[in-house]
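The listed protein sequences derive, respectively, from chains U and L.
So the working numbering is basically just the index in the first sequence, starting at one, shifted up by 3.
So the working numbering is basically just the index in the second sequence, starting at one, shifted up by 479.
Calculated from the structure, these hints are not laboratory results.
Don't take each hint at face value.
[What the hints assert, rightly or not] Computed cross-link-like contacts, DSBU-like style, restricted to lysine-lysine with a CA-CA straight-line distance of at most 30 Å:
id: 1; chain 1: U; residue 1: 72; chain 2: U; residue 2: 29
id: 2; chain 1: U; residue 1: 59; chain 2: U; residue 2: 73
id: 3; chain 1: U; residue 1: 59; chain 2: U; residue 2: 29
id: 4; chain 1: U; residue 1: 29; chain 2: L; residue 2: 536
id: 5; chain 1: L; residue 1: 521; chain 2: L; residue 2: 562
id: 6; chain 1: L; residue 1: 536; chain 2: L; residue 2: 521
id: 7; chain 1: U; residue 1: 59; chain 2: L; residue 2: 521
id: 8; chain 1: L; residue 1: 536; chain 2: U; residue 2: 73
id: 9; chain 1: L; residue 1: 536; chain 2: L; residue 2: 562
id: 10; chain 1: U; residue 1: 73; chain 2: L; residue 2: 521
id: 11; chain 1: L; residue 1: 521; chain 2: U; residue 2: 29
id: 12; chain 1: L; residue 1: 557; chain 2: L; residue 2: 521
id: 13; chain 1: U; residue 1: 29; chain 2: U; residue 2: 73
id: 14; chain 1: U; residue 1: 72; chain 2: L; residue 2: 557
[Stated by the list, open to error] Label pairs and their computed distance ranges (CB to CB):
id: 15; chain 1: L; residue 1: 503; chain 2: U; residue 2: 13; range: 30 to 40 Å
id: 16; chain 1: U; residue 1: 84; chain 2: L; residue 2: 532; range: 21 to 31 Å
id: 17; chain 1: U; residue 1: 42; chain 2: L; residue 2: 562; range: 22 to 32 Å
id: 18; chain 1: L; residue 1: 533; chain 2: U; residue 2: 80; range: 40 to 50 Å
id: 19; chain 1: U; residue 1: 17; chain 2: L; residue 2: 493; range: 28 to 38 Å
id: 20; chain 1: U; residue 1: 84; chain 2: L; residue 2: 482; range: 17 to 27 Å
id: 21; chain 1: L; residue 1: 482; chain 2: U; residue 2: 56; range: 20 to 30 Å
id: 22; chain 1: L; residue 1: 497; chain 2: U; residue 2: 100; range: 21 to 31 Å
id: 23; chain 1: L; residue 1: 518; chain 2: U; residue 2: 111; range: 25 to 35 Å
In this text, a Cβ means the ideal position worked out from N, Cα and C, and glycines have one as well.
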Amino acid sequence: SQQGEEDPQALSIQEGENATMNCSYKTSINNLQWYRQNSGRGLVHLILIRSNEREKHSGRLRVTLDTSKKSSSLLITASRAADTASYFCVLGGSRLTFGEGTQLTVNP
Amino acid sequence: EPEVTQTPSHQVTQMGQEVILRCVPISNHLYFYWYRQILGQKVEFLVSFYNNEISEKSEIFDDQFSVERPDGSNFTLKIRSTKLEDSAMYFCASRSDLPEETQYFGPGTRLLVL
Chain U
4 SQQGEEDPQA
14 LSIQEGENAT
24 MNCSYKTSIN
34 NLQWYRQNSG
44 RGLVHLILIR
54 SNEREKHSGR
64 LRVTLDTSKK
74 SSSLLITASR
84 AADTASYFCV
94 LGGSRLTFGE
104 GTQLTVNP
Chain L
480 EPEVTQTPSH
490 QVTQMGQEVI
500 LRCVPISNHL
510 YFYWYRQILG
520 QKVEFLVSFY
530 NNEISEKSEI
540 FDDQFSVERP
550 DGSNFTLKIR
560 STKLEDSAMY
570 FCASRSDLPE
580 ETQYFGPGTR
590 LLVL
């Protein structure tokens with residue numbers, strides 16, 4: 004199965020700062036998705052970027068995709084305490100495979 | 480906005496008992512999934528379901544597990560004889576037909592087996 008690997012494992016920032024999380028993968032993809040999970044609760048879909056797209060925005064989120072480097076990044080601008088969560092990159096497919104994620108802590 | 484819902488939110492059961500976890504997927508979705516997350520571990524795929532049959536299952540999904548879509552709205556996961564190691568958060572997800580590929584997750588059912 005296909006799995007993305009998030010980096011860093013943990014990130015701690017102050018409210019108002021930007022947070023950047025990275026994802027690397029090994030296989031070819033049709034799309035890549037980012038999900039958020041707050042402390043063992045439900046998984047919230049954030050954004051999907053297709054293999055023919057290089058950048059996508061949704062509110063304070065910006066996702067990039069570089070298929071030549073097999074990498075993606077998620078940027079959260081002007082972070083808030085409520086953004087504290089684990090973030091996962093998931094490669095497209097029927098059977099989603101989740102990695103360890105990046106644990107983001109936004110300090111008030 | 481339509482959501483996937485799950486009941487109950489928490490369930491405590493004795494080892495060896497049967498449990499049924501219920502999910503109501505988003506109404507026009509066609510693909511249904513169960514995942515689980517043992518405390519402190521990764522989210523793991525269990526099974527996918529389409530057109531009233533299992534389309535894929537993981538090695539975790541053994542004979543103790545079964546899924547069913549008993550009517551037009553519910554999707555259930557049954558564990559026949561629970562074990563201590565079945566204690567986990569169970570997530571249901573659903574997806575509409577292609578080209579939409581996003582799976583939408585429910586809030587989960589926390590199962591504790593004593």
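Quick rundown of the hints versus the structure:
1. U:72 - U:29: 9 Å, holds
2. U:59 - U:73: Between residue 59 (chain U) and residue 73 (chain U) the Cα gap is close to 16 Å, so the pair holds against 30 Å.
3. U:59 - U:29: Distance ~21 Å between residue 59 (chain U) and residue 29 (chain U) Cα, so the pair holds.
4. U:29 - L:536: Distance ~23 Å between residue 29 (chain U) and residue 536 (chain L) Cα, so the pair holds.
5. L:521 - L:562: It holds: about 19 Å lies between the C-alpha atoms, which stays within 30 Å.
6. L:536 - L:521: 17 Å, holds
7. U:59 - L:521: 27 Å, holds
8. L:536 - U:73: 27 Å, holds
9. L:536 - L:562: 19 Å, holds
10. U:73 - L:521: 22 Å, holds
11. L:521 - U:29: The given pair, whose Cα atoms are some 19 Å apart, holds under the 30 Å limit.
12. L:557 - L:521: Holds, because 21 Å separates the two Cα atoms, which is no more than 30 Å.
13. U:29 - U:73: 7 Å, holds
14. U:72 - L:557: 42 Å, violated
15. L:503 - U:13: 30 to 40 Å: 35 Å, holds
16. U:84 - L:532: 21 to 31 Å: 45 Å, violated
17. U:42 - L:562: 22 to 32 Å: 26 Å, holds
18. L:533 - U:80: 40 to 50 Å: 42 Å, holds
19. U:17 - L:493: 28 to 38 Å: 47 Å, violated
20. U:84 - L:482: 17 to 27 Å: Holds - the Cβ-Cβ distance for residue 84 (chain U) and residue 482 (chain L), about 24 Å, lies within 17 to 27 Å.
21. L:482 - U:56: 20 to 30 Å: 27 Å, holds
22. L:497 - U:100: 21 to 31 Å: Between residue 497 (chain L) and residue 100 (chain U), where Cβ atoms are some 29 Å apart, the hint holds.
23. L:518 - U:111: 25 to 35 Å: 27 Å, holds
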